[in-house]
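J.: Sequence:
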Amino acid sequence: MTSRPAVGLPVVELGGGSRPAPGPLARQARRIAAALATDVVASRITDADPSAWGPAAGDGLGWAALPRTSRPLVGQVDALREAFRVEGAARVLLVGDARWTLGAQVLAGGSGLLQVLDSPDPGAVSHALAADLSGTVLVVTDPAGDTPWIATVHELLAAAVAEEVGPRRAAERTVVLTEAGSPLDETARAAGSVVITTERDVPGAWSLLGAPGLVPAGLAGAPIGEVLDDARAVAELLSADEAGNPALELAGVLVAVGAGAVRLDPAEGPPALAEWVAALIAAAGGAPVLVDDTDPDGLPTGPTLAPAAARHPDAAPDDLSGLLAAGREVEPTVDALLARVTGAEPDEAGAEPDDPGDGDEAADLADEVVRTGGPLGAELLLWQYAAAAAARLLDGEAFGPDAPATSTTPAPPGPAGATGSATPEPLGLRGSDGLVDVHAAASLVPSGDSGPAAALRALVAAVPPGGHLAVSVWLDPVDDASLAVLRGELARRAGLPVTFGWGPRDRGVLAPFRRDAPRPGALCLVTGDPPDDLVPDPGPALASLALTEAGGVAADVAARGVPVLRLHLTDRVAGLVSLAHAIQGLSPHRGTGAD
Numbered sequence: 001m002t003s004r005p006a007v008g009l010p011v012v013e014l015g016g017g018s019r020p021a022p023g024p025l026a027r028q029a030r031r032i033a034a035a036l037a038t039d040v041v042a043s044r045i046t047d048a049d050p051s052a053w054g055p056a057a058g059d060g061l062g063w064a065a066l067p068r069t070s071r072p073l074v075g076q077v078d079a080l081r082e083a084f085r086v087e088g089a090a091r092v093l094l095v096g097d098a099r100w101t102l103g104a105q106v107l108a109g110g111s112g113l114l115q116v117l118d119s120p121d122p123g124a125v126s127h128a129l130a131a132d133l134s135g136t137v138l139v140v141t142d143p144a145g146d147t148p149w150i151a152t153v154h155e156l157l158a159a160a161v162a163e164e165v166g167p168r169r170a171a172e173r174t175v176v177l178t179e180a181g182s183p184l185d186e187t188a189r190a191a192g193s194v195v196i197t198t199e200r201d202v203p204g205a206w207s208l209l210g211a212p213g214l215v216p217a218g219l220a221g222a223p224i225g226e227v228l229d230d231a232r233a234v235a236e237l238l239s240a241d242e243a244g245n246p247a248l249e250l251a252g253v254l255v256a257v258g259a260g261a262v263r264l265d266p267a268e269g270p271p272a273l274a275e276w277v278a279a280l281i282a283a284a285g286g287a288p289v290l291v292d293d294t295d296p297d298g299l300p301t302g303p304t305l306a307p308a309a310a311r312h313p314d315a316a317p318d319d320l321s322g323l324l325a326a327g328r329e330v331e332p333t334v335d336a337l338l339a340r341v342t343g344a345e346p347d348e349a350g351a352e353p354d355d356p357g358d359g360d361e362a363a364d365l366a367d368e369v370v371r372t373g374g375p376l377g378a379e380l381l382l383w384q385y386a387a388a389a390a391a392r393l394l395d396g397e398a399f400g401p402d403a404p405a406t407s408t409t410p411a412p413p414g415p416a417g418a419t420g421s422a423t424p425e426p427l428g429l430r431g432s433d434g435l436v437d438v439h440a441a442a443s444l445v446p447s448g449d450s451g452p453a454a455a456l457r458a459l460v461a462a463v464p465p466g467g468h469l470a471v472s473v474w475l476d477p478v479d480d481a482s483l484a485v486l487r488g489e490l491a492r493r494a495g496l497p498v499t500f501g502w503g504p505r506d507r508g509v510l511a512p513f514r515r516d517a518p519r520p521g522a523l524c525l526v527t528g529d530p531p532d533d534l535v536p537d538p539g540p541a542l543a544s545l546a547l548t549e550a551g552g553v554a555a556d557v558a559a560r561g562v563p564v565l566r567l568h569l570t571d572r573v574a575g576l577v578s579l580a581h582a583i584q585g586l587s588p589h590r591g592t593g594a595d
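1 is the number of the first residue of the sequence shown in our numbering; add one for each residue after it.
The hints are simulated quantities; they were obtained by calculation from the structure and are not laboratory data.
Small disclaimer: the values here were computed from a predicted structure and weren't measured.
Treat the hints loosely; a few may be bogus.
Taking CB as the label site, the calculated pair distances span [claimed, not checked]:
| # | residue 1 | residue 2 | range |
| --- | --- | --- | --- |
| 1 | 39 | 59 | 15 to 23 Å |
| 2 | 434 | 485 | 37 to 45 Å |
| 3 | 570 | 541 | 16 to 24 Å |
| 4 | 478 | 88 | 22 to 30 Å |
| 5 | 244 | 58 | 45 to 53 Å |
| 6 | 144 | 516 | 21 to 29 Å |
| 7 | 131 | 434 | 32 to 40 Å |
| 8 | 485 | 130 | 22 to 30 Å |
| 9 | 86 | 485 | 22 to 30 Å |
| 10 | 59 | 87 | 32 to 40 Å |
| 11 | 72 | 516 | 21 to 29 Å |
| 12 | 58 | 533 | 48 to 56 Å |
Where a beta carbon is used, it is the ideal one built from N, C-alpha and C, also for glycine.
Working from the sequences, and respecting the hints, build out all of it.
T.: As C-alpha cells, this is what we get:
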C-alpha cells in the first residue's frame with residue numbers, strides 16, 4: 001500500500017488508455033451518471049431510502065451510515081487487542097462465511113496476523129488446527145448464529161485452543177460476531193466469550209465497514225480508525241446528486257458494460273480486494289466477473305501487472321467482452337484500482353444490447369481505461385455507492401436477505417428457452433474414469449459416457465450464445481491451488497469467458513446464476529474426497545458438510561435452468577491430472593475435440 005495522500009478524495013478518471021480523448025464507454029457512463037443524478041439516487045442511498053430499489057431493499061441499507069455509526073468499535077477493538085497482546089495472543093484466526101470475511105481480509109491488507117477459514121474443507125481446517133493455537137485469538141462471524149459448518153468448525157477449534165491454554169482462557173480469547181438474540185449469541189455469552197453485535201440491516205457484501213470487517217482486521221493491527229475517518233470524510237461528496245459524483249460515474253461504467261464480462265486482477269491491491277469488488281458487482285446485478293491471471297489468448301493481466309503508465313500504449317484489447325484490472329496507483333500518493341473496461345459485443349445491427357440507440361459507439365468500447373483512487377476507506381465507500389447506484393438499473397438484488405451457500409427455497413422455473421424446468425432433473429452419477437466421478441443431469445451427460453472429457457465437452461456445448469462458463473472449486477485453496485491454473489487453459493480451449501472461484505467463498509462467481517432470471521452460462525463445480533494424509537485429521541463430518549454445501553449450490557443453480565456439471569475427484573492429486581487432460585482434450589473454441 002502506498003502512503004496516504006494529504007487530501008483523501010476518491011478519484012474516478014474516465015477515458016484514458018490509448019485514446020487522446022474520452023471514448024464511447026466514458027460518454028455512456030457520463031450519460032448514465034447524469035440520469036442517476038436526476039433520479040436523486042445518491043442522496044437516497046445516504047438516507048437509506050428503499051424507493052430507488054423497491055421494498056425488498058428496506059432491511060439492507062444500513063451500510064451507508066457505517067462510517068459514522070461504527071466509530072465506537074475502534075476503541076473497543078483497540079482495548080481488546082491490547083488485552084490479548086498482554087496474554088500473548090496476537091494472531092487472529094477468523095472463521096465465517098466469505099460474505100462476512102472478505103471485508104476483513106481487505107482491511108487487514110497483507111498482515112500475516114490474520115488467517116481466514118471460510119470453508120469446511122477438511123484440508124483447510126487441518127491447516128488451521130496445525131497452527132500455533134497457544135497465541136491465537138479465535139474470531140467467529142455468524143450473524144444468524146445457526147450455520148452448521150461454522151458451528152462444527154468453531155467447536156473443533158475451541159477444543160483445540162482449550163487444550164493449549166485451558167478452557168477458561170480459550171473462551172476469553174474467543175470473539176463472536178453475531179446478531180443480538182441469535183442462538184450463537186446466547187451460547188457464546190454463557191461460555192464467557194466476547195460477543196460483539198453485528199448490524200441487522202447490513203448485508204454481507206456491504207458489511208466491510210461494520211463489525212464483521214472492522215473487528216477481525218483491527219485485532220490483527222489494521223488502522224481501522226483511519227479507514228473510517230477517510231470514508232466519513234468523503235460521504236458528503238458521494239451523497240451528492242450531481243453528474244460529477246465519482247460514485248455515479250463509476251456506476252455508469254458498471255452499467256455501460258452491459259451484457260459483457262468484467263475482468264478483475266488483484267495485482268498490487270490489498271488481498272481479497274478483487275474478490276470483494278466482484279461480490280459487489282455481482283450483488284448489483286452486474287456482468288460476470290473474472291478474477292485470474294490470463295485470458296484465452298494468453299494476454300498477461302496477472303499479479304505482476306504494472307501501473308497504467310507502464311502499459312504499452314498499443315497493447316491489443318482483450319477479445320473477451322470486458323477487462324478490469326487492479327493496478328498499483330493513479331499517482332504516487334494515491335492507492336488505486338486501475339480498470340481497463342470494454343463493453344459487450346454489438347449485435348448484428350451494430351447496437352449495444354443495453355443501449356440500442358448507440359450502435360456506433362457500442363462497436364468501439366474497447367481499450368478505455370477507468371482509474372479509481374483514494375485512501376482505502378474512501379475508495380471502498382466509493383465502490384459501495386457505485387454498486388448500489390448501478391443496482392437500480394441492473395435489476396440486482398443488492399440489499400435483499402443474504403442467502404446461504406445452500407438454499408432450501410424452491411427455485412423458480414428456468415427462463416424461456418433454458419434447459420431447466422420447475423422440476424429439474426437430478427444431478428446423478430453419469431460416469432467415471434476411476435479418478436473423477438461425473439455428476440450431471442441425464443439430458444446433459446447421458447449415462448455410460450466414459451468420464452470428465454466427454455462431460456466437459458457437453459457442458460461447453462450447452463453454454464448459450466453470449467454466455468460464460470463458471471468454475472467453482474470446493475477444495476483447499478492452499479493445497480489445491482494449482483486448480484486455478486486450469487481456468488486459463490479451459491478458457492482458451494472452450495473459447496468462452498471463464499469465471500473461477502473457491503467455494504463457498506465465490507459469491508461473485510455464483511451470483512449471476514442465483515437470480516430468478518440468471519445470466520446465460522453454465523456452471524462446473526469441482527469437489528473431492530478428503531486427502532488421506534491430513535495431520536491433524538478433523539474427522540469425516542466436515543467432508544460430509546462440504547459435499548452437502550456444494551450439492552445444494554449445484555441443485556439450486558440447476559433448478560434455475562442453468563446447465564450444471566459436478567466433477568468429484570476421488571483422488572485429489574491424480575484426479576487433478578485427469579481433469580487437466582480432459583481440458584486439454586477440448587479442441588479450441590466450443591469444445592468439439594475428441595478425448
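J.: Are the hints correct? Go through all of them and say.
T.: Evaluated hints:
1. Residue 39 and residue 59 have their C-beta atoms about 22 Å apart, which keeps the hinted 15 to 23 Å range intact.
2. Between residue 434 and residue 485 the C-beta distance comes to about 23 Å, which lies outside the given range of 37 to 45 Å.
3. Between residue 570 and residue 541 the beta carbon distance is about 19 Å. The supplied range of 16 to 24 Å therefore holds.
4. The given range of 22 to 30 Å is respected by residue 478 and residue 88, whose C-beta atoms sit roughly 26 Å from each other.
5. Remark: the range hint 45 to 53 Å for residue 244 to residue 58 is contradicted by a beta-carbon distance near 29 Å.
6. Between residue 144 and residue 516 the Cβ separation comes to about 23 Å, which falls inside the hinted range of 21 to 29 Å.
7. Take residue 131 and residue 434: their Cβ atoms lie about 35 Å apart, and the range 32 to 40 Å holds.
8. Hint check: residue 485 to residue 130, Cβ distance near 25 Å, so the stated range 22 to 30 Å holds.
9. For residue 86 paired with residue 485, a C-beta distance near 44 Å fails the hint of 22 to 30 Å.
10. Distance hint check: the CB atoms of residue 59 and residue 87 are about 38 Å apart, consistent with the given range 32 to 40 Å.
11. Distance hint for residue 72 and residue 516: a CB-CB separation of about 39 Å, inconsistent with the stated range 21 to 29 Å.
12. Taken as a hint, the range 48 to 56 Å holds for the pair residue 58 and residue 533, whose Cβ atoms sit roughly 51 Å apart.
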